[in-house]
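Colleague: Here's the letter readout for the chains.
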Amino acid sequence: MAEHLLLRHRDIPDIDRLEVYRAHGGFEAFRKAVTQMDPDAVTDEVKRSGLRGRGGAGFPTGLKWSFMDKSNWPHYVVANADESEPGTFKDREIMERNPFQFLEGVAIAAYAVGAQRAYIYLRGEFWPIARWLDEKIAELEAAGLLGDNLFGTDYSLRIYTHLGAGAYICGEETALLESLEGKRGQPRVRPPFPPQKGLWGKPTVVNNVETLTNVPLIIERGADWYRTMGTEKSPGPKVFSLSGRVKRPGNYELPLGTTFRELIFEHGGGIIDDRPIKGIMAAGASSSIMVATDEVLDTPMDYESPQKVGGMLGSASVIVLDDTVNMAWLVKKTVHFFHHESCGKCTPCREGTYWMDKLIQRIMSGQGTQQDVETLYEVALQIRGKTLCALGEFSTMAVVTGIERFKEDFEAVVRGA
Amino acid sequence: MKNAFYEQHRDEIEAILAKYPPEHKRSAMLPLLYLVQREFGGHIPPEGMQIVAEILDVSVTEVDGVVGFYTLFHDRPGGRYRIQVCTDMPCALRGAEDFLHQLEDALGIKAGETTPDGLITLEEVMCIAACDKAPVFQVQTPEGLTYHENMDLEKALALVEAWRKAEAERAAQ
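Taken in order, these protein sequences are the chains called A and B. Sequential numbering from 1 applies to the first sequence in this note's numbering. Sequential numbering from 1 applies to the second sequence in this note's numbering.
Here chain A stands alone, though its shape is the one from the complex (with noise of 0.2 Å):
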């Protein structure tokens, strides 16, 4: 197995601790950037190592710092820490475990755009490791390498924790930057882009949290070192949280670019019982759910490649689905989630994710007609392209591809069977 360099805290124990991380390099990428490199060298590098961001869209994330308005100031840094996907907890295990590396990407994403206040916002879930990286915050600041006049230079920064309470749609950027502003988490028009405008109207950067931990290494190292791991077009390691009908479910890091069935089969010990695997959903509950043939096994997962098969990448959380599972059950369960989840705003999210859920439980109460069946796929249909953010479009797709691909189970509850 080769070296973690997300998940660290496998290889070094107490790397929590201040002065572990330091023994192991701990800030040096933070002060070679403030001391040696100049803001836009920082985001140049990152630009080059290829990194995308790892909260699901794949985005470039050196190409977002430098999309930054430099006529418009202050400029502000978001970690979105808001890991809700049904499916995805690998941003709490790297907090938890490893929040030093997460910091310090954090404080050099600040300095390479210029940002002299970041916020951390964190799902309300996560009080308890908010009220941590406050105390790991304190240590940092009280060790100066935060704050005020930074190794000698005249950078200064500040990085303070925000606590959300309870609702999917913050994960969505904008929604994100409204909650921060202490609204209702409802997605803005875009553009502009936070870049743009993002937080109290200022130009804002949101990366996620694995995005973050990936960057001291890129300054450390060096982003042709980077880049010999993955894939051209995906570089780097990812952390995959793999749960579901596996034996053993957890975060695996491993490098863009492995096979779902390393993934399921060498990684996560295979199927409970040793029954057959049936489907995959590579991107937690928002994925369409592929079925699980010889080639989407073999399928590499990085930013391309899940979309030949008819899935995606996304935050890779993969979710494991065996022959003990109804695809009509699972719709029922993904719908259910996402009208609870729908934040109102645009019409066809927050109505039709309303009849989706009646009609998938009239289907699963064994009320329902082969008709609702194909009422429930239009529904789903006229959701799409029609929506502010992406949680619409996410509604959606396990419900097209559960119908299209195992009809069968639709038709097997339909039957009463």
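It should be emphasised that the hints constitute simulated quantities derived from the structure, not laboratory data. From the three backbone atoms N, C-alpha and C, an ideal C-beta is built for every residue, glycine too. Among the hints, a few may not be true.
SDA-like mimics (lysine to any residue), calculated; alpha carbons at most 20 Å apart, straight line [to be verified]:
id, chain 1, residue 1, chain 2, residue 2
1, A, K345, B, D64
2, B, K25, A, R184
3, B, K133, B, L157
Computed footprint of chain B on chain A; a stretch qualifies when at least three of its residues, placed anywhere within it, have a C-beta under 8 Å from a C-beta of chain B [as the list claims (entries may be wrong)]:
id, region
4, 81-87
5, 245-253
Using the hints, position chain B against chain A.
Modeller: Relative to the frame of chain A, chain B by itself:
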């Protein structure tokens, strides 16, 4: 605007406000609501919303709208311990729904209900990022929130027993 609640909790409130630029103090909304919820024993009544509205110079309606949007804020009283079981899809694939039903039977209440002694409210929640450790629940109290992972009925009931004991001791004092 300052009020009696502000005077009573000045240090804590000022520490919260200090995290945001003074001209954007509305950002303190969520943290202040947590504080108010704690002080009112686990929910935010209309006078709690009024307090926050006054500190932040916004209308009570605005505060009410925020309270209603987020699931960790409660506008009605519940049990001192809110057991919030994740029954979302990844957890359900690993037995979470059965676990919830066992817990309902053992506590004698359905999800959404509170035990007659007012100690426990049982609730279902959406994914809490612990899918590999199902069955899992979080316990929300006025003071904060803790995760309980890889649960079974026995472990859950041991927790409940410990809370009952703690409450009895508190009552005896």
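Colleague: Just pull the numbers of the violated hints for me, sorted ascending.
Modeller: none
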